[in-house]
Amino acid sequence: MFTAFRIIAGLRKPDSGKVLLMGEEVRGPTPKLAMIFQDFALFPWLTALENVELALMHRKDLSREVRREIARKYLALVGLEGFEDYYPRELSGGMKQRVAIARALAAQPVVLLMDEPFANLDAITAEGLRAEIYNMVFNEESTVKAIVMVSHNLEEVVELSDRVIVLGGRPASIIAEVDVKLPRPRSTRDVEFQDYLDRLYSLLSISLRA
Numbered sequence: 000m001f002t003a004f005r006i007i008a009g010l011r012k013p014d015s016g017k018v019l020l021m022g023e024e025v026r027g028p029t030p031k032l033a034m035i036f037q038d039f040a041l042f043p044w045l046t047a048l049e050n051v052e053l054a055l056m057h058r059k060d061l062s063r064e065v066r067r068e069i070a071r072k073y074l075a076l077v078g079l080e081g082f083e084d085y086y087p088r089e090l091s092g093g094m095k096q097r098v099a100i101a102r103a104l105a106a107q108p109v110v111l112l113m114d115e116p117f118a119n120l121d122a123i124t125a126e127g128l129r130a131e132i133y134n135m136v137f138n139e140e141s142t143v144k145a146i147v148m149v150s151h152n153l154e155e156v157v158e159l160s161d162r163v164i165v166l167g168g169r170p171a172s173i174i175a176e177v178d179v180k181l182p183r184p185r186s187t188r189d190v191e192f193q194d195y196l197d198r199l200y201s202l203l204s205i206s207l208r209a
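According to numbering that gives the first Met the number 0, the sequence shown holds residues 0 to 209 in order.
Among the clues, some could well be false.
[Claimed, not checked] Derived DSS-like pairs (lysine-lysine); straight-line CA-CA distance at most 30 Å:
id, residue 1, residue 2
1, Lys31, Lys59
2, Lys59, Lys72
3, Lys31, Lys72
4, Lys17, Lys31
5, Lys72, Lys180
6, Lys31, Lys180
7, Lys17, Lys180
8, Lys31, Lys144
9, Lys12, Lys31
10, Lys72, Lys12
11, Lys12, Lys144
12, Lys180, Lys144
13, Lys144, Lys59
14, Lys17, Lys144
Everything labelled a hint here was simulated from the structure, so no lab data went into it.
Turn these sequences into a full structure, and let the hints guide you.
Structure representation (structure tokens):
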């Protein structure tokens, strides 16, 4: 996991400074933060429904029946209605990531952390999931206020991001910050989209030499 994500998620103490979430310091794991991993991070001995239900186990105010109902709701939201009893080995890569997304959203976080979430998916599946995540996360019912994502895919970065931080060097430091001021939905064919790609490519080339 990216070191900065460990710090943001409260899994590692920063060498200096502190992480604030809604004005409060993050001192450890909190349900206000949810993670979507590159490798799906599903428990192979649990069904899709049970994997999603894990995100609700800290909710002592919920009965098992209510937890399962919520888990079913979020599996349906990501298009997996009817696959509740399937095990990860029975699902495709895209379906596994949908389960991971459902699990993250079921926790009703304020911030969603995504660590290369589409890296193990084919291009078409990844493109579809990017659009779906944006629509699911930024609708009126969603609790998510922000997404922090690590990615090396520049098209993915321009498509999803409002603010891009380019890192380089060892230890990593900030090379540049870029505000992506494009209307949504965004098209990779737009000239302005390509301009942002070119700018980020140049900055990334500099960061690799840093």
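Structure versus earlier hints, numbers of those that do not hold, lowest first: 5 and 10
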